[in-house]
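Visitor: Residue numbers (our numbering), protein chains in the order written: chain L, 402 to 1005; chain U, 620 to 970.
Just so you know, these hints were derived from the structure itself, not from any lab. These numbers come from a predicted model, not from an experiment. Where is the CB? At the ideal position from N, CA and C, for every residue including glycine. Check the hints yourself; a few may be wrong.
Claimed, not checked - Once the Cα atoms are required to be at most 27 Å apart in a straight line, the calculated DSS-like pairs of lysine-lysine come out as:
id	chain 1	residue 1	chain 2	residue 2
1	L	Lys607	L	Lys768
2	L	Lys845	U	Lys627
3	L	Lys900	U	Lys780
4	L	Lys982	U	Lys627
5	L	Lys607	L	Lys773
6	U	Lys627	L	Lys478
7	L	Lys478	U	Lys625
Said to hold, decoys possible - Going by beta-carbon spacing under 8 Å, a handful of chain U positions derived as facing chain L:
id	residue
8	Pro626
9	Arg635
10	Thr651
11	Ala654
12	Leu799
13	Gly810
14	Tyr850
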Amino acid sequence: MPPTDTSHPDYFHRVVDCQWACPAHTDVPEYIRLIAQGRFTDAYMVNRESNVFPGILGRVCDRPCEPACRRGRVEDKPVAICRLKRVAADHKDEFHDQLPPVPREKNGKRIACIGAGPVSLTVANDLLPLGYQVTIFEQFGEPGGLMRTNIPSFRLPQAVLDEEIGAIVGMGAELKLNHPVKSLRELLGRGGFDAVFVGSGAPKGKELKLPGREEGAANIHIGIDWLESVAFGHLKAIGREVLIIGVGNTAMDCCRTSLRLGAAHVKVMARKPRQFFKASAWELDDAEEENVEIIVNRSPKQFVIEHGKLKGMLFDVMEYDIDARGRITAERVAGEEFLPADDVILAIGQENAFPWIERDLGIEFDKWSVPKVDATTFQSTRPEVFFGGDAAFGPKNIIWAVEHGHQAAISIHRHCQGVAVTERLAPGVNLQSRKMGMHEWSYKNDYNPVERRLMPHVSLKERFKKLNIEVELGFTAEQAAAEVQRCLNCDIQTVFEAKLCIECDACIDICPTDCLTITADGDEADLRTRLRAPATNLEQALYVSAPLKQTGRVMVKDEDLCVHCGLCAERCPTAAWDMQKSYVAWPHAKDQPAKCQPSLPKIA
Amino acid sequence: MTFIPKPKVRHPSLPRNALGLTRRDYEGVLSTLCAGCGHDSITAALTEAIWGLSLEPQNIAKLSGIGCSSKTTAYFVGGAHGFNSVHGRMPAIAMGANAANRKLSYIGVSGDGDTLSIGLGQFCHAIRRNLNMLYVIENNGVYGLTKGQFSASADVGTKAKKGEQNQQPPIDPVLLAMSLGASFVARSFSGDKQQLVPLIQAGLSHRGFALIDVLSPCVTFNDHEGSTKSYAYTREHYEPVVNADFVPFEREIVADYAAGESLPVMMHDGSRVLLRKFAHDYDPTDRVAASAFIQERQKQGEYLTGLLYIDESQPEFHDVNGTPDEPLNSLPFAALSPGSQGLRKILSRYR
Ligand SMILES: Cc1cc2nc3c(=O)[nH]c(=O)nc-3n(C[C@H](O)[C@H](O)[C@H](O)COP(=O)(O)OP(=O)(O)OC[C@H]3O[C@@H](n4cnc5c(N)ncnc54)[C@H](O)[C@@H]3O)c2cc1C
Ligand SMILES: Cc1ncc(C[n+]2csc(CCOP(=O)(O)OP(=O)(O)O)c2C)c(N)n1
Ligand code: SF4
Ligand code: SF4
Ligand code: SF4
Ligand SMILES: [Mg+2]
């Protein structure tokens, strides 16, 4: 194999599994170490740099980082990365003085954002410090998008939303609430905006057109509209028997909200077996803890109406053949079942919809009425119009919306400064040794075998008393102190210098997880079979050194299960291995090269 | 050394031996040797080999003298018995222990100083008695523990760290053992586990005294230019001549060797050692010819390595002395003590 090119910025970035999996590339191990040192505000700011809403995301993030976490492969449970984010947010001090300064004199460019969801707020967050004037148009009376209208307050308290949205609005965004944009033609025609960003979300809940839908309409609700009505206080009650159709995350919020509005029995109806559920495992757990019943293999057939009123629903009972790889190969109807219901909530998905965008503005849509948006620049086919968040490629989640916002802000910035949106600054990685002395590192390298801490919850008796009692209590100080020690510091990289190695095998012998091998070179497939421990995880890279001096063999490291204990570097007599912290420079609008920076006036 | 112990966490798909244990279960305490010491690599090879044989830790006795090398018995198979004797006296302790309990696997670890300087006499007599044990010399040409003075294995002309040259001829443990009638003689290198691990397994299966002289560079006092025991020098001058592939007795011999190049040797416990020769005319069962060949190559500055001599037919200490099969501590009191009547009878023989 050719020696691994570790100067490619992706190489060390990939080793930090959580950071690589995070759409916004949050420097997770760095903030966890800061929490371990009790530096909560600094930990919060490291988060905020990438993900903008640490308090919100520390509660409700989809956390793609956790299934990626190396600890989950070494043991079985990943580090509670998301919960620790909340620890930083809950314990931070005053942080507003650490926000990026906003210049008093503006750069003369004005940006319109449509919708005040997380994506538009991120665009504002990134552009305000560069001197842009940002106006956000929001149809509702409160900012936050689905975070406000759909994510129930027992998962995400209003106060947390207010604080983090407030920080951005406080940077000088002009927030126009109760301002639905009814015509993009009109907004563009008005003039005065150098760029328009569409962050209007995916607001249309999917319908279920079955017999009885119209007659039963009064008791059949579209999940996201229903949650919105509850959030705004328009709806305060629901029937005793409730059926939720669908088993995604929206369904989980609908069932738990129903329980808080007076439902006695709530059943979530799934078409397929459990392994095909879309909802996150922890959301399912939380719903089941509240005695929500999840019923599998029921396909909705008909709304049953009696005397003009909904009585319940008829389902086909499904059977599936599943092959060895877990795929459905055949399905059939094995019978029918009626379930009584006072109300039915449809939670089977959402779509984006743009009735307010005229189709002759030069903004192209495909045949499903989805706008054509560039996946890197977020530019539409009309150069000054950009899309992001759920509006761009359909419903995703908050952390994706944030990353879309960062990328769109770069494009808007470049567009406004007259440089190509496509020639973006590439990501980079900086390395810095963590060696302090002979056997001393400026990080805690000892492996701590402590197990994942469990989130304490408000008791089942208490939590239903009010709609907005936050169920998760947050980690106690002791829990946080233990959980931070589970992080393996994957950003403290093992960096090898082949010309120093004398092939003494010390590193090979000491490595607790058998990551290292010195062996004859070969191609990757062959090398993977000749290592100290099988390297079967093909998603994880092999590091292969240049030929070693004494024998011409190569040092091979399987990155998969390295616990970053630094013992290889401690044992190495020649310091051929060193432990170095990788800083992933993931460029934002403020980092774009000088030629695209506006001449910034005085800082306020 | 490292300052934190090797954490217990391990690769989830590490193989398990017949006892269901992984090689991590055969480790000992944290090594305090210098980082990069050859001795630590030998410790790793011992760990791997013993794990591979599925030996039960409580059936192993580790013995050593004094020196960095002699410290290493603490660093493998934490659950085994162990004895650190005074300098150069490990063979006497091994002798006594083995006489009292022949059921254990005896593993002696010593240094070139411990064996060839202060302990030379004891070493020779253990070979003469064909004591059933594995005897590993971790040979670095210096007294590492006392800061790098030349030992009895230092070559003429080799340079110490500060530049002075050794003038006295070395004692080669391999040639010495051959001349004393040893039944299993091997040489290897700490940096070549592929060769060393099966040699250790063969040595442990051998009935009688199994000597493995392992070249084991001292990174701190003997790894400089001008030293004939450095990593670089050893790599340039060591020459595998007969590798031993160890085949546990339940397994078939599957490897395919060119005719005349491989020689299977049946061990007493039913396992086999497949000798794989690199030099056509070398015969590891002919003591005289093998010795001549080794000396010949030594003159040319080459260390021959591998299983240099083997004789499975030689009786070991217990065979010669007709001792009981069972450990003394398991014999009934009556069998151990002649009683006052018996004692009187014995004494009367000397009146
Ligand atoms: C029930 C539910 C639960 C969810 N739970 C989670 C979760 O736990 N974790 C997670 O990460 N994600 C969750 N999501 C997804 C997440 O909320 C969205 O992906 C995210 O909010 C998208 O952000 P956005 O800014 O693109 O759009 P949105 O948040 O949808 O914001 C769009 C905003 O634009 C406004 N708007 C729309 N059209 C106009 C117009 N013409 N004029 C003016 N304003 C307009 C809307 O009122 C809204 O405020 C959930 C979604 C739902 C439906
Ligand atoms: C009776 C006695 N004499 C001298 C010493 C001092 N001493 C300790 S270790 C050692 C030499 C060890 O050399 P070696 O056996 O080669 O081990 P190494 O440290 O090189 O592995 C000596 C001379 C001693 N401990 N006891
Ligand atoms: S840091 Fe070094 S010794 Fe520790 S697990 Fe990784 S490769 Fe092995
Ligand atoms: S410990 Fe250092 S010198 Fe020894 S093999 Fe490993 S990298 Fe090479
Ligand atoms: S002094 Fe030499 S022999 Fe002793 S531990 Fe250090 S390197 Fe090994
Ligand atoms: Mg020595």
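Visitor: Mind checking the alpha carbons of Lys982 (chain L) and Lys627 (chain U) for me, to see if they're no more than 27 Å apart?
Guide: Cα-Cα ~24 Å, so holds.
Visitor: Does Tyr850 (chain U) pass the interface check with chain L, least Cβ-Cβ distance below 8 Å?
Guide: holds (5 Å)
Visitor: Taking 8 Å as the limit, does the beta-carbon of Gly810 (chain U) come near enough to a beta-carbon in chain L?
Guide: Holds, about 6 Å.
Visitor: Hint check: Lys900 (chain L) vs Lys780 (chain U), CA-CA at most 27 Å. Holds or violated?
Guide: holds (22 Å)
Visitor: With a cut-off of 8 Å, does the beta carbon of Leu799 (chain U) approach a beta carbon of chain L closely enough for the hint to hold?
Guide: For Leu799 (chain U), the interface hint is violated, since the closest Cβ of chain L sits about 32 Å away, which is over 8 Å.
Visitor: Next item in the hint list is Arg635 (chain U). Is there a CB on chain L closer than 8 Å to its CB?
Guide: Violated - the Cβ of Arg635 (chain U) stays beyond 8 Å from chain L, reaching only about 13 Å at its closest.
Visitor: Checking one constraint from the list: CA of Lys607 (chain L) to CA of Lys773 (chain L), max 27 Å. Satisfied?
Guide: holds (22 Å)
Visitor: Is the hinted pair Lys845 (chain L) and Lys627 (chain U) satisfied, with a Cα-Cα distance of at most 27 Å?
Guide: Holds - the C-alpha atoms of Lys627 (chain U) and Lys845 (chain L) are around 16 Å apart, at most 27 Å.
Visitor: Closer than 8 Å between Cβ atoms is the bar; does Pro626 (chain U) clear it against chain L? Give me holds or violated.
Guide: holds (3 Å)
Visitor: Using the nearest Cβ pair, does Thr651 (chain U) come within less than 8 Å of chain L?
Guide: Where the cut-off is 8 Å and the nearest Cβ of chain L is about 12 Å from Thr651 (chain U), the hint is violated.
Visitor: Quickly compare the C-alpha distance for Lys478 (chain L) and Lys625 (chain U) to 27 Å and report which way the hint goes.
Guide: It holds: about 21 Å lies between the C-alpha atoms, which stays within 27 Å.
Visitor: Does the structure keep Lys607 (chain L) and Lys768 (chain L) at a Cα separation of 27 Å or less?
Guide: It holds: about 18 Å lies between the C-alpha atoms, which stays within 27 Å.
Of the numbered hints given earlier, the model fails hints 9, 10 and 12; all others are met.
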